[in-house]
Amino acid sequence: MLSVRIGVAAVLVASGIASAQAADIVTPAWAPGASKEWTVTLGVEGRMTPTFPGSDRYTFLPLPLFDVRRAGTAPRFHSARDGFGVPILDTGSFRAGPAFKIRLPRRESADGNLNGLGNVDYTFEAGGFVEFWPTQWLRTRAEVRQGFGGHHGVVGDLMADLVMPVTPQLTLSGGPRTTLMSDKAVDPYFSVNSVQSANSGLPVYSAGGGVYSWGAGGQARYQWSPQWATYVFVEYERLVGDAGNSPIVTLRGSRDQWQTGLGVTYSFDMHALW
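Quick note on numbering: the sequence shown equals residues -22 to -1, 1 to 252 in mature numbering (1 follows the signal peptide of the UniProt record, and there is no 0).
Treat the hints as calculated values from the structure; they're not laboratory data. For glycine and all other residues, C-beta sits at the position ideal for the given N, C-alpha and C.
Using C-beta positions, here's what the derived DEER-type ranges look like:
hint, residue 1, residue 2, range
1, D99, M142, 36 to 44 Å
2, P204, N177, 52 to 60 Å
3, N177, L136, 31 to 39 Å
4, D68, S232, 33 to 41 Å
5, G24, M142, 21 to 29 Å
Make a model of the complete structure from these sequences and hints.
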């Protein structure tokens, strides 16, 4: 199955690239017929997310949704924390391939709590993912990515989701998440050097890697018709370790990080153009 998902802004923020939020691994009764070539899904999502990592303030980010898969194949489940993955290997219950994520820059001008701390550029993270479904109602996923740009560290995400079709139209899902980061991934966002300390009034602090956060997420998706679907989600993570103890967090923000979002998608079939 070919799957492409593009999100422009919020994608980046937090935890992953937005997707069409398919919530059921089982092919629904209205799945596109095998005679069609592709199923295309377009949509839009609105997401509330922290203004910077560790912030206690939130900003609204709209983003587009785009998905393409072979017609006649079931849509795959995706959580709001997933990175953008390309399944090179797909056996049905096991998938693996490259994974990508983009993190938004941290701009000093965007929030008064960042005064004196300087900017952190966009970060492109590239790596791989593995995903395993031991049953039709349980998904496990791991991602490892190397950063380029704003940080040059390694990030690892571990996730599990119960995926529960309540009715043919309504699917609920949710489960735990854990993120690990190396020193070079944490340092640009949570350390305070001597110059930043003098400019911001925060104490000097050196942040190292390890377990970055733990948390949980959930979503509800409703298929109104073969074409239209809506979904809502909430994601929570608790910053721990050196990131959670940074004065940027303890004095200017919060260890508790939330994301919430609402989206709508429209799907249609089309023949290949080649």
